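**Student:** Sequence:
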Amino acid sequence: MEKPSNMTLKKLVFILAGAMLLSGTAAAKVINVPGDYPKIADALGNADAGDTILVRRGVYNENITLIMGVVLKGEDPVTTIIDGGRRGPTVMGTSGAEISHFTIRNGIEGVLCENAAPYIHHCYIIDNKATGIGAFISLPHVRNNVVYGNRWSGILAWGAKSLDAYIEQNVVLRNGYSGLALKGPSNI
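So in this note's numbering, spot 74 of the sequence shown is number 74, and the numbers just go up one at a time.
Note that these hints are calculated values from the structure, not bench results.
25 Å max Cα-Cα, derived DMTMM-like pairs, lysine to aspartate or glutamate:
id	residue 1	residue 2
1	129	168
2	129	98
3	29	42
4	129	114
5	129	62
6	29	76
7	73	36
Quantities reported herein were computed from a predicted structural model and do not represent experimental measurements.
Take the sequences, apply the hints, and build the full model.
**Tutor:** Listed below in structure tokens is the structure:
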């Protein structure tokens, strides 16, 4: 059997290195709503991990599910509104997803996290039929939100067991039964 020459090995290494570089993940993109897609759900359906979705001011009548690794950011938390129309949770949380700078209103839950760890910050979560943020066996990261006027609890964490989960620097007031309710084993 013939031994490969140094030049052949160098070519092979060069080709393999080039293939590895080209096969890496696609560059993260910025998706604009309503510029690229008219609805937030459409933008989320076309986003990949690493992408950022920027949402212009306006009222978006829809219920959405966050996508792992995707950042969803409103233009202004007072005037960029996701309205759930009292049809289930307005926002369904997903681990590794991030949502910020929105008013989230008029859902059964404003944000519902079931076995999920999303980042929720700089939002107004108001006027939901049940809880503002419901975290069930979840590890949410909840910071710098206003949670106001929800019929049951402002924030309900049920079985949130992690040192990584946090609920801090939120303004929680005028919710029906409680501002912050921790139920079951919780380390928050």
